[in-house]
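S.K.: Sequence:
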Amino acid sequence: MQKHTIILALLSAALFGAAAPASKWLLAGLTPFQLAGFLYLGAALAVAPAFFSKETLSLPSISDKANRLRLLGAVVFGGILGPVLLLFGLSLAEAGSVSLWLNLELAATAVIGVLFFRDNLSINGWIGVLAAMLAASLLSWSQGSASIAAGALVLLACICWGLDNHLTALIDGISPSQSTFWKGSIAGSVNLSIGIALDPLSLDTKTIVGALLVGAMSYGASIVLYIRAAQGMGATRAQVIFSSAPFFGVALSVLYLGESISEVHLLAAAVFIAAITLLLRDSHSHTHMHKKMSHNHTHRHDDGHHNHNHNHNHNHNHNHNHPDMFPSIRHTHHHTHSHVEHKHSHWPDLHHRHSHKGDDK
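Under the numbering used here, the first residue of the sequence shown is numbered 1, with each subsequent residue one higher.
The set of hints was computed from the structure by calculation and includes no laboratory data.
Since we're looking at a predicted model, the values are computed, not measured.
Derived DEER-like restraints, expressed as beta-carbon distance ranges: (1) Leu203 / Asn124: 47 to 57 Å; (2) Trp25 / Leu198: 17 to 27 Å; (3) Leu72 / Lys291: 22 to 32 Å; (4) Phe52 / Ser137: 36 to 46 Å; (5) Asn124 / Ser262: 21 to 31 Å; (6) Ala274 / Val111: 19 to 29 Å.
Taking lysine-lysine pairs in the DSBU-like style, the calculated list, with each CA pair at most 30 Å apart, reads: (7) Lys291 / Lys3; (8) Lys292 / Lys65; (9) Lys24 / Lys206; (10) Lys65 / Lys291; (11) Lys3 / Lys292.
A virtual CB, placed ideally from N, CA and C, is assigned to each residue, including glycine.
Hey, can you work out the whole structure from these sequences and the hints?
M.R.: Structure (structure tokens):
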């Protein structure tokens, strides 16, 4: 696994970790539905420049029904239901408590991955998951817990985002900017429309601009970074790193809200670092088969699975190959994989969603 995927996941976590404290302030002027709408519209605005520089206004062209359903599920669970459930929970509890409850997303993603998405965790991997949950519990005990109602709402939000994490990681027909733009535009419009229908919108420019900015950073830039990380290392492992978001929230609370760090915080941080180490070392090796397939996703040419050439059409009507001078550069385009059977250490990324039962390859 390349170091850049770890960095992407950490940046994604830092941006998302700032969302709960900022959203708590924004809820003073907006309802949960309205704020959820503005947050995801802000996410769409954040990626709009990159999107319109490369894409068209048409809906993304996805070649198979499975990918269309994955995108629909990501929009519904990750863009519509998850944010609204979280914000309703946030309206009932303190931002610090809700931030800590978000560690439940780690458990949700791991369990959903093993049960439904052919993810694989060894004993060390499960120890890593449990260690991460222990770190979250230590922090929760030190901060106090949210109410039962708020905790239930945040748990439901985490389940929705756990599904979204896996569905998004498996979408190989569109780019991260497409996924974020359409998820933000559709989900944001739906939630904002519901919010305005239920309660008149207060036209407070400062609050609305603030909501769009928080959405652009915490849900726009963060989502794009997470997608790239998840496609490179698998959703469960990306989620382990992403679950450090509450720690960034604690740091921001100390810096901007004057809260203190206790010995429990330091112990939890140490346990969490151990959990990340166990999960990142949890790749496995066995003989497995790749069927011939064509798809579109971000990749590089030195990963052992992308050794294709690039054909370029020119106005003088002939094709020729251009050698890849920099195989480590990540890029996105439609490409074809030949049938191959081999053995190497791997993670459950886009190319390694195979069964691990018996002798099945």
